[in-house]
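**Q** If you want the building blocks of each chain, they are given just below.
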Amino acid sequence: MTTLQDAADDSRYRLLVESITDYAIYMLDAEGHVTSWNPGAERFKGYTADEILGAHFSRFYTPKDREAGLPCNALKIAAESGRFEAEGWRLRKDGARFWAHVVIDPIHRGEELIGFAKITRDLTERRAAEQALRQSEEQFRILVGGVRDYAIYMLDPNGRVNSWNAGAERIKGYTPDEIIGHHFSRFYLPEEVEAGAPTVALSIAREAGRFEKEGWRLRKDGTRFWAHVVIDPITGDDGEIVGFAKITRDVTERAEAQRELEAAREALYQSQKLEAIGQLTGGVAHDFNNLLAAITGSLDLLRKRLPFDPRTTPLLENAIQGAERGAILTQRMLAFARKQELKLEAVDIPQLVRGMGEFIRRSIGPNIDVRMRFADVLPRVQTDPYQLETALLNLVVNARDALPNGGEISITAEQLKMARTQGERRAGDYVRLSVSDNGTGMPPEIAAKVTEPFFTTKGVGKGTGLGLSMVQGLAGQSGGWIEIKSEIGHGTRIDLWLPLAGADLPAAGLVVTEAVDNAGERLVVLVVDDDPLVLTNTVAMVDELGHNVLVANSGDEALVIFQRHPEIDLVLTDEVMPGLSGSQLAERVKALRPTAAVVLASGYADLHLSPGPDVATLPRLAKPFTLAQLASFIEGLALDVSQRAVD
Amino acid sequence: MIDRLVYRSHAVAILPEVALDRIFRSSVPNNARMNITGALGFCEQTYIQLLEGSPCAIDELVKTLEADARHTQLTILLRGSSERRLLPGWSMARVDLAKAAPETATLLEADDGLGLIALMAALAHEGVAT
Chain Z
8 MTTLQDAADD SRYRLLVESI TDYAIYMLDA EGHVTSWNPG AERFKGYTAD
58 EILGAHFSRF YTPKDREAGL PCNALKIAAE SGRFEAEGWR LRKDGARFWA
108 HVVIDPIHRG EELIGFAKIT RDLTERRAAE QALRQSEEQF RILVGGVRDY
158 AIYMLDPNGR VNSWNAGAER IKGYTPDEII GHHFSRFYLP EEVEAGAPTV
208 ALSIAREAGR FEKEGWRLRK DGTRFWAHVV IDPITGDDGE IVGFAKITRD
258 VTERAEAQRE LEAAREALYQ SQKLEAIGQL TGGVAHDFNN LLAAITGSLD
308 LLRKRLPFDP RTTPLLENAI QGAERGAILT QRMLAFARKQ ELKLEAVDIP
358 QLVRGMGEFI RRSIGPNIDV RMRFADVLPR VQTDPYQLET ALLNLVVNAR
408 DALPNGGEIS ITAEQLKMAR TQGERRAGDY VRLSVSDNGT GMPPEIAAKV
458 TEPFFTTKGV GKGTGLGLSM VQGLAGQSGG WIEIKSEIGH GTRIDLWLPL
508 AGADLPAAGL VVTEAVDNAG ERLVVLVVDD DPLVLTNTVA MVDELGHNVL
558 VANSGDEALV IFQRHPEIDL VLTDEVMPGL SGSQLAERVK ALRPTAAVVL
608 ASGYADLHLS PGPDVATLPR LAKPFTLAQL ASFIEGLALD VSQRAVD
Chain S
482 MIDRLVYRSH AVAILPEVAL DRIFRSSVPN NARMNITGAL GFCEQTYIQL
532 LEGSPCAIDE LVKTLEADAR HTQLTILLRG SSERRLLPGW SMARVDLAKA
582 APETATLLEA DDGLGLIALM AALAHEGVAT
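Those sequence lines, one after another, are chains Z and S. With the numbering used here applied, the first sequence corresponds to residues 8 to 654, in that order. With the numbering used here applied, the second sequence corresponds to residues 482 to 611, in that order.
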């Protein structure tokens with residue numbers, strides 16, 4: 008029975024349904040034929056009401072679903088359970104698919120099923136968005152997973168690890184299987200776990216919204232690394248904390264990278280500065296060497312030309328000695344601790360030891376007596392005096408350490424003869440220099456080992472065994488050896504056996520007189536130097552050696568003279584000169600006459616100049632040179648000259 | 482006679498080995514000018530330097546060193562005079578204290594100036610491989 012009211016309601020519903028465009032709302036009869044159609048249905052599916060009314064609703068299904076009997080099944084479920092709801096692909100009129108959310112409700116009149124109400128929503132866009140989200144999540148997961156420089160992982164609200172990326176594996180050493188599900192406190196040092204640091208970190212993150220700190224963390228293998236850690240809380244839609252994102256960086260690596268960067272910068276800095284500094288210090292050395300060349304050369308000649316006179320000769324020797332010291336000073340200007348050649352000299356042991364006495368007594372403390380006893384007459388020994396002093400100092404330190412409660416250290420020396428050769432101990436005359444203490448002593452097995460490098464007898468808290476290996480090295484290089492005698496409770500004595508200095512050895516500080524043989528070929532030599540002092544000196548030396556000398560004050564002048572005098576055999580030139588340099592002069596000379604010999608007299612500074620390929624092979628004579636050095640140098644060249652003459 | 486002095490100081494630079502190169506480049510010509518010789522090395526953050534020279538030159542250098550911002554807490558462990566130098570060949574030998582790290586640490590702990598001088602000189606004479 009239809010009342011007016013019903014009719015009014017009915018038309019209102021129809022208006023409502025027909026104005027809806029976001030949902031397809033239509034009815035089916037009991038068999039599934041379309042009996043009504045709203046604008047939403049028309050919009051999604053593309054059919055007008057005229058086209059579709061009376062058609063079976065299965066045409067909205069894909070052929071595959073139709074074959075599977077999905078449409079009839081849907082109606083059956085709806086009829087039996089009062090509702091069918093599903094999502095799936097549906098077809099538009101033009102054949103295009105769309106992802107639909109479908110609800111089918113049965114319509115009964117009394118007990119009789121008269122049809123179905125069907126509401127369909129087009130979810131294609133939502134599905135695309137969902138898929139895009141899933142894809143972007145997947146990409147993000149791959150991204151995070153692939154990051155190797157940062158450990159990025161998640162913790163559940165209780166601090167258990169529930170994700171693990173490649174960076175975390177690399178930095179901390181655990182694989183995902185090993186660590187997921189474990190509490191993150193295992194990355195902390197035990198003492199920090201005890202102090203509750205992990206819990207504090209999470210509660211700070213929870214309350215402040217972020218936790219950031221640097222500190223030591225442990226890798227799986229137990230090694231430490233300095234970590235930069237950030238913990239961010241992750242909140243769900245409801246505002247509850249669902250976990251924590253944890254990002255850890257290994258800053259040890261950063262420090263190392265910084266160090267490498269620093270080293271690279273340093274190398275660059277060095278290469279840039281070295282030249283400037285080389286020129287600066289070298290420049291000083293160069294000027295200084297020029298002066299020394301003039302002084303030593305002139306003195307050398309004087310010594311040769313003047314007869315021995317007890318009133319003047321020692322003064323001359325003294326002056327030469329002073330100049331030689333100056334030469335040592337220039338050597339020092341860039342001397343780093345490269346291994347120095349042992350300089351064997353004739354050393355007066357009592358004099359050397361007494362010279363150290365004040366320093367030792369002052370520094371060794373009041374509880375220890377230092378006594379020195381030497382034979383009345385003691386010949387000089389062959390050794391390096393500076394190294395011997397260092398050796399003695401080390402022996403004294405060792406002796407001191409054996410006297411924790413005070414006592415006596417004796418330094419003695421006497422001459423002894425070794426009658427027979429025993430291994431490295433060759434027969435001959437020696438001075439035995441001994442350092443002994445009346446201290447704690449050592450058992451024999453330890454006494455036998457103490458000269459091994461890095462062996463220390465005294466344990467933590469006392470001294471070094473390094474000194475003894477140096478002492479032994481010095482003794483051996485001097486042609487001697489060391490002996491160790493020790494007795495527990497009675498003390499230790501270390502003997503340094505040093506051979507007597509031969510007559511050929513210079514006394515410490517004295518200068519060898521070099522023999523000059525000037526029987527060589529008589530050459531024509533062009534000497535070039537812008538420093539008149541050096542020029543005069545070199546000319547005198549060349550003249551002394553019996554050669555004919557031509558002189559030039561500059562490279563340019565030398566070139567003119569060289570062209571005028573084809574008889575010149577040798578050009579001996581300074582390197583650093585205003586105008587044409589020695590190398591440039593050499594190039595010109597070689598171009599004019601390839602057989603002419605050119606010698607570059609280089610001061611220390613010139614070592615820093617990089618010569619061109621043509622002059623790199625030229626003979627170089629280091630300044631300052633002595634008469635003997637110049638003689639042997641020219642002698643070597645003269646052979647070449649005569650050989651060239653034969654060619 | 483020369484004065485011999487050993488001091489320790491705390492390196493300001495985090496990496497003394499890097500700072501050391503610069504120190505050497507400035508100190509070597511300076512020491513050569515003042516006729517001062519010696520050795521310099523470091524153990525962790527502590528510089529140890531042995532200096533030898535005329536008393537006046539040493540006094541002057543110590544004043545300069547005390548004002549040097551590259552280190553702090555300069556402590557002179559020992560100063561005395563002697564006839565000759567231990568290291569006449571070096572304006573400033575760079576010694577490799579890492580070679581004797583435990584010994585150096587022990588000597589530093591005891592502020593043992595004499596021991597440090599003996600060690601530095603022995604190391605300098607033994608040289609370093611470069």
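Please note that a few of the clues may not be correct.
To be verified - Examples of chain Z residues lying across from chain S (beta carbon under 7 angstroms, computed):
| hint | residue |
| --- | --- |
| 1 | Phe366 |
| 2 | Arg369 |
| 3 | Pro373 |
| 4 | Val377 |
| 5 | Met379 |
| 6 | Ala382 |
| 7 | Thr397 |
| 8 | Met477 |
To be verified - Residues of chain S placed beyond 10 angstroms of chain Z at every Cβ, according to the derived structure:
| hint | residue |
| --- | --- |
| 9 | His491 |
| 10 | Gln526 |
| 11 | Ala538 |
| 12 | Glu541 |
| 13 | Leu542 |
| 14 | Val543 |
| 15 | Leu546 |
| 16 | Thr553 |
| 17 | Leu555 |
| 18 | Ser562 |
| 19 | Pro569 |
| 20 | Leu595 |
| 21 | Gly596 |
| 22 | His606 |
By construction, these hints were calculated from the structure, which means they are not laboratory data. Idealized CB from N, CA, C, for every residue including glycine.
**Q** List, from low to high, the hint numbers that the structure doesn't satisfy.
**A** 3, 4, 5, 6, 18, 19, 20, 21, 22
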